[in-house]
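Since the structure of chain A is already known, use the hints to place chains B and C on it.
Here is what each chain is made of, one letter per residue.
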Amino acid sequence: MKKYILYTLSVVVIFAQQVFASGGDQCFTCHDGLGDKESSGYKHDIHFIKGISCAGCHGGNSNSEDMEKAMDKNGGYNGVPKGDDISKTCAGCHADSARMKSFGSSLPTNQWEMLQTSVHARLSTNGQEHIVQCITCHGVHGIVSVKDPASPVYPLNIVKTCTKCHSDAAFMRNYNPSLPVDQEAKYRTSVHGQLNAKGDPKPAACASCHGSHDIRSAKDAKSRIYPVNLPSTCSNCHSNAAYMKAYNIPTDQYAKFSRSVHGIDLLEKHDASAPACNSCHGNHGAAPPGVESVSKVCGTCHALNADLFSGSPHKKAFDDKKLPECETCHGNHEIAAATKALLGTSKDAVCSRCHDQQTNPKGYEVAGVMRALTDSLESQEDLATVLLGKAEQKGMEVSESRFKLRDVHQARLQSRTMVHAFDEAKFREVVDKGLKTSAGVVEEGQHAINEYYFRRWGLGISTIIITMVAVALYFTIKGIERKQRNALKSNIIKK
Amino acid sequence: MNERVELDDLVDFMGKKYVPQHSHSVWYYFGGVSLFLFIIQVVTGILLLLYYKSGEDLSFESIQFIMSKVQFGWLIRSIHSWTANLFILSAMVHMFSVYFGKAYRKPREVTWLTGMLMFFLALAFGFSGYLLPWNELAFFATKVGTDIAGVVPFIGKPIMQLLRSGEDVTGATLSRFFGFHVAVFPGIFTVLLGIHLLLVQRQGMSEPLGAGDDVKSDQKRMPFFPNFMLRDLLLWLIVLNLIAILAVFFPWELGKKADAFAPAPAGIKPEWYFLFMFQTLKYIPGKLWIFDGEVFGIMLFGLAGLLWMLIPFWDRKSSRGEQTRFINYIGLFVIMYIMIFTIIGWLA
Amino acid sequence: MNSNEEIPQGHDERRTFLKILLSGGLIALGGSILYPILAYLKPPKQGEVEVTSVKAGKLSELEKDSGKIVKFGTKPVILIRTANNELRAFSATCTHLECTVQYKKDLGLIWCACHNGKYDLNGRNVSGPPPRPLDEYRVVVQGEEVLISKKV
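Chains as they are written, first to last, in my numbering: chain A, 66 to 560; chain B, 84 to 431; chain C, -10 to 141.
Derived by calculation from the structure, the hints in this document are not laboratory data.
Note that the structure is predicted; figures quoted are calculated from it, not measured.
Quick reminder that beta carbons are idealized off the backbone N, C-alpha and C, glycines included.
One or more hints might be untrue.
Using C-beta positions, here's what the derived DEER-type ranges look like [to be verified]:
id, chain 1, residue 1, chain 2, residue 2, range
1, B, A343, C, I9, 54 to 62 Å
2, B, R87, A, G460, 50 to 58 Å
3, B, G376, C, G46, 44 to 52 Å
4, A, G454, B, G376, 47 to 55 Å
5, C, P65, A, A437, 28 to 36 Å
6, C, G46, A, G364, 36 to 44 Å
7, C, Y24, A, A490, 49 to 57 Å
8, A, G454, C, K64, 13 to 21 Å
9, C, G19, A, G454, 35 to 43 Å
10, C, P65, A, A490, 39 to 47 Å
11, A, G454, B, K240, 45 to 53 Å
Extracted from the complex, chain A is given alone in its bound form:
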């Protein structure tokens, strides 16, 4: 008898426990009893752990054991939400900060709002709903925190989640046929992708750069990957010394880049055609498409210089010494505006790093010559400009000479490019053209100034002559009139 009572009591207790433990979630109890996949997944779901019943999303009465009553449409049961209703259901709590606080959550509550602005909020092919719903990425009945390795959006899993659509060419063709679908393959060639494949969640995965809810097209000025914004997106990790400690690479690239010519153009002048991090380092792959390595990437924009360099003696020399081509002289992140200070044989000139009079005298000599020619062309142009300015200030007409001065300016710019051939003859040719023209302009400017003074001298001399004649004329008149008066007087006297 005691055994029977104990047994019944324990069953009752266990049953009661079940009832209280599940907060009265009859839906779950029943469905779990049925053994369906949703409820077996939901067991691990954070919402279940927080005590939210199936009715929390599906509506209906979770207290009722009666299926009809529990799943009564008039009782609030929504069935399986379809389309945007799914996300609206999630947003029902997740966009409500009071509600979220009541569950002790410090999660942001703007995800639905942000999703509306993203590219994923566009209409899907059926025209009725957004392309993506919350459950597309987060899963549906096994949702866990994004920091949980089981989450489909955990860095180690997110690639698989995104590429479910983004590597499906047929699917993507419906929405944007021009978008590539090989991002994953490329990603796996990069450092980020390789480390990620090895199980390191710290390097960048899809959401690290693209964002999660507010994903915008790269052409959208508000996107994290819009060229002007991209460097700060990268520096979120790469400038964080603590975060990057294990990887042993510098964390000053952003700081350096923002001081460089490219950085100033991109970040201050908002010139979207200036290079951002991805222009040299690639987007998903390790280097931009068609480029052997990041050390050879400069030529994609600076084609002329790269061509000249390839034909120059430096190409083989650098390759032999395994020196990167452009970076050796110009730097990589902190590329400053290239001035003539880089050229020559002085201590701060880049040439003197390898070339000195004893070890490579030929290169030393050429460097010296090129610098000297550059200096002389610059000083000639300056002289010509000053002379023309003086002439204009004096009111002389020198517009044609000004027009010729443009050619001198052009020769200077072209000579800077020609440096990269590292060939004295070719360099001289370009500079000589400029020197010849500027000599002509200097002559014309000087002539104009001389003409100014000539005119004033001429006036002075003419004035002296005229005054001389005027004075002589005056006295002549006086003389004639005196004679006439005398003649008149003598005539009167005669009479």
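Same frame as chain A, but now just chains B and C:
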């Protein structure tokens, strides 16, 4: 020489020319100065003609060429531009001195008429020549000027079209003005000048009313040859020097090339000799009784000019040797009006 | 009578001096007027004012699929006759660092030799460092002549 051309009579005649001497003699010089300035214009004008090219795409550049590439081109051009203004000024002084001296009275009516016609031609010379560099200021000044001509009732529109060689100021206008400036006007002017000078030679110098009737007295006159002529020459030398100084220290500007599509530059105004009329038109209200204000103003000036030109015929008293105070007051009023409105126009 | 015949020595010298001054001065004056006029008449080195801004030469002298630089006041303008026989004109000042551009037949594009900037035949910057397109000019054919003017 004498045997061939028989100059004796001429020399004899010339030897008997006398210029009266009185307190107002100094004004006698201004006719000669005007003539001198006109000669300078002809000489520099011909020189400019050797390098100037007429045409929308060449006029401006050819003047730039003259100013910068031709030796002393800057000098010839600046002299021409400055002398144009000095010529009109001198002609005005000459005109007013004749007016106040009543030299227009019988028998010199035709001299006055030819003089007035020459004066109007001088203004036309100035207006047409101003356009020839085809620069911004000139383009718009011509536009405004010919617009005003077009406002005259009935005949205004066809006159404007005739002047502009079309509806708008274009390259065709430039060609036409060029033709006027170097051929038509000089031709007419020469004829008028010839008549004017001939009459002066035949009739001798007029004496201002009340300045003394005793022409016979030798002290009160000087022979034209050589006295007055040498004095004339002296004055002309000084004027020449003045022009040279102006040309060197205040070279005439060229400005920007005319662009028909550009908006008119702010504060545009005509040359000083048109300024008093321009300024007057600005002050006339838009509508006066039934007349359009601008038309009224133009007709008023036209009438004033006509009356002024016909003064020998309605100032009958002067032919009798009598002064009319009223005429003098009108003259003073005109001078004051022109001066005041020119200054206002300049300062505006 | 005698007193009038007596001309003091001083006066005589003075009159001669005056005569010399006057004649010398007149000759100098004549010279200083004649010299500029003669110099003016001497043809300058550059024979005549150049064909300029607006007239850009005869249409028959411009080949198809070619371009030429023309001076428009103080600025260069590139006039292009495309392979389809259209006429285009643009400012020839590169919007990057102000070099003078040229037409490249093999590319069918406007090219800047300084830093490899490229513009299409609508003046739009399509490659390289130029940040802005080239300003367009108006081209009109009057009879035989090609005329270039500013675009309104």
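*Check the following: the C-beta atoms of G376/B and G46/C are separated by a distance inside 44 to 52 Å.*
49 Å, holds
*Go ahead and decide if the range 54 to 62 Å is satisfied by the Cβ distance of A343/B to I9/C.*
60 Å, holds
*G376/B and G454/A - C-beta distance against the hinted 47 to 55 Å*: 49 Å, holds
*Lying within 49 to 57 Å: is that true of the beta-carbon distance Y24/C to A490/A?*
50 Å, holds
*asked:* The hint says 13 to 21 Å between G454/A and K64/C; measuring C-beta to C-beta, is that right?
replied: For G454/A and K64/C the Cβ distance comes to about 19 Å; the hint holds.
*Evaluate the given range 50 to 58 Å for the C-beta pair formed by R87/B and G460/A.*
53 Å, holds
_Can you tell me whether the CB distance of G19/C to G454/A sits inside 35 to 43 Å?_
39 Å, holds
*CB of G46/C to CB of G364/A, is that within 36 to 44 Å?*
Since the Cβ atoms of G46/C and G364/A sit about 39 Å apart, the hinted range of 36 to 44 Å holds.
*Lying within 39 to 47 Å: is that true of the beta-carbon distance P65/C to A490/A?*
This hint is violated: roughly 29 Å between Cβ atoms.
*CB of G454/A to CB of K240/B, is that within 45 to 53 Å?*
50 Å, holds
*Taking the CB of P65/C and the CB of A437/A, does the distance hold inside 28 to 36 Å?*
31 Å, holds
In terms of the numbered hints stated before, the structure departs from hint 10 and from no other.
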